[in-house]
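Chains A and B are the protein sequences, given in the same order. According to my numbering, the first sequence is numbered sequentially starting from 1. According to my numbering, the second sequence is numbered sequentially starting from 1001.
No lab work stands behind these hints, which were simulated from the structure alone. From a predicted model like this one, the values you see are computed outputs, not experimental measurements. One thing to keep in mind: the hints can contain errors.
Covered stretches of chain B (in silico footprint by chain A; criterion: 3 or more residues with CB under 8 Å from a CB of chain A, positions within the stretch not fixed) [unchecked claim]:
1) 1006-1015
2) 1058-1070
Within a straight-line C-alpha distance of at most 25 Å, the following computed SDA-like cross-link-like pairs (lysine to any residue) qualify [to be verified]:
3) B/1040 with A/99
4) B/1040 with A/142
5) B/1040 with A/226
6) B/1066 with A/20
Note that the Cβ used here is the ideal one computed from N, Cα and C, for glycine as well.
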Amino acid sequence: MNTPADGLLVFAKRDCPTCTLIEPVLQTLDREYQATVVTQDDPSFPANVTHRVDDTGLEWSYRQAIEVVPTLIRLQGGREVERTIGWDRAEWQRIVGRADLGSALPALRPGCGSKTTEPGVAERLRARFGDSGLRAREIELGEYDDPIEACYARGWSDGLPVVPPTDERILRMLSGTRRRPDEVVGLIPPNLAPCTIEKIAINAVMAGCKPEYMPVILAVIEAALEPTFTMHGLLCTTYFSGPIVIVNGPITRSIGMNSGVNALGQGNRANSTITRALNLIVRNVGGGLPGGIDRATLGGPHKVGLCFAEDESDPFWTPLAQARGIAPGKSAVTLFQGEALQGFVDQRARTPEELTRSLAMGLFAVNHPKLCEFGSAILVLSPEHYRIYRQAGWDRARVERELFEALKRPGKDLVIGAGGVAEGIGPERANDIVSKFWPGGLLIARAGGEAGMFSAILAGWIAGRAREQTVAVTTEIRE
Amino acid sequence: MHPSQRLRDPTAETGSTRRSRLAPPPTLTGQPVALLDIGKSRGNEFIDRIEQRFTERGITTRRYKKPSNSRVAPTELLQRIAVESKVVVIALSD
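From just these sequences and the hints, can you work out the full model?
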């Protein structure tokens, strides 16, 4: 690229009606003023012009920060001294210094968007021609290397393919937040490695996230780094648990999360990738590798990344985030240490009391039917089960209270050895009435498709033994 | 062939330093052995038994405990163990 130091420079494209309208002007400028015409789309446009630059690669347009075509620039001593956009006859006549320039044309015609402003192009051009500003180590692949295979080979994948983190994709991901790429968000366990916004964006790219998920992902990371979330222990545990994310608030609608049919399953990009981004960050930045410090006996598919939105369509039901202190109208994430998934069936309950007793039976199986005050759980209430509570006028507080009461059993049935089962609670509890969960140990969220009297139980981590140290964490999403 | 062949490193870009382990002491006599309970269930029972065995052999022990098994040990605890003992037995699992 060799920009003339002095003279006129015009940026145009054939696809722009204003550019084609002023084609005779461009020919005049070329013929009589040796103007350089830079064409963004069709190298043969404008016709009959000798000083024409093929800028289909858009480098000239990028370096001159062109946003609209046509753009007329006057250069003097290598510096820009004049610029006008679109067709403004008087302005063009003034800058060129010719009173009758384009006199047969209309006085004003707006221009069109430069090709540099088309979706996704800006980041590509910045990555190619500018300073990306990225600081992470660059890894150059061989010409014939497959980037996805290269990510596998370097151990960056959770087993599924990752999206190769190119500058263009990372810059696009960073456009999803106003926070500076070099800001350190915190220390990622287990290695307690400093993690920047840029590293989060790189891993979010790899997880398959879109830029508009970034505020959610940042809130997820923030919550995961809360000491009471004990991300380090959650990763190391031999138990099944991993981080589970529930998202509440308007952002769930704006990024198109699924809280309906198959909400806990596959098929929705945000649901599938947000927690995956966290898990990739723990893997890649924190160094938490399965078989290394991750000692899960069996693990589970949720450890790839389980995330869903709560159904907030019924104002009668207090959303989980609000029940946990987030103001109405705000968005938030709740991180829970748990696993997927224990299905719960009850197709015969018609009263809230029947359903509550029935749910309590299902919930008692969490971890082990004889282990109490030991774990925690999320109950995901389906619409058909919720309807029973709704019709009876039971709100969240009532459902929580009634379930807590229903989740009690005589200690004599639960102690070690009772029922011929060795597992159980300590013999000193034999004369107590024992609760399955401690207060606050059961979270309830609404989700699911309209049909099916099936709810879901996501069992919690047994590290809830130290319940004051390991709790679910709710964090507001700041956009 | 793929048009984009440059990727950015998603890791913390920290290289691990390989350090050789301290040589085991020729004898435990005369130096205290640290016994660290990381907070897992029944870790204390394991430590009790180990401590009993050391005591029977005339070896002194010092006991330490992590506040929780679900978090890394506090730096000051690690420093205290390193200052006070050269040998540590850790009850690692349930």
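Hint check results:
1. Coverage of a stretch by a chain is defined here by at least three residues with a beta carbon nearer than 8 Å to that chain's beta carbons; for the region 1006-1015 of chain B and chain A the count is 9, and the condition holds.
2. Restraint check on the region 1058-1070 of chain B versus chain A: 4 residues with Cβ-Cβ distances below 8 Å, three needed, restraint holds.
3. Straight-line distance between C-alpha atoms of residue 1040 of chain B and residue 99 of chain A comes to about 88 Å, which puts the hinted pair past the 25 Å bound.
4. Between residue 1040 of chain B and residue 142 of chain A the alpha-carbon distance is near 48 Å, which puts this suggested pair outside the 25 Å criterion.
5. The straight-line distance between the Cα atoms of residue 1040 of chain B and residue 226 of chain A is roughly 21 Å, inside the 25 Å bound, and the hint therefore holds.
6. The hinted pair formed by residue 1066 of chain B and residue 20 of chain A fails the criterion: a straight-line CA distance of about 76 Å is larger than 25 Å.
The structure does not agree with the numbered hints 3, 4 and 6 stated previously, though it agrees with the rest.
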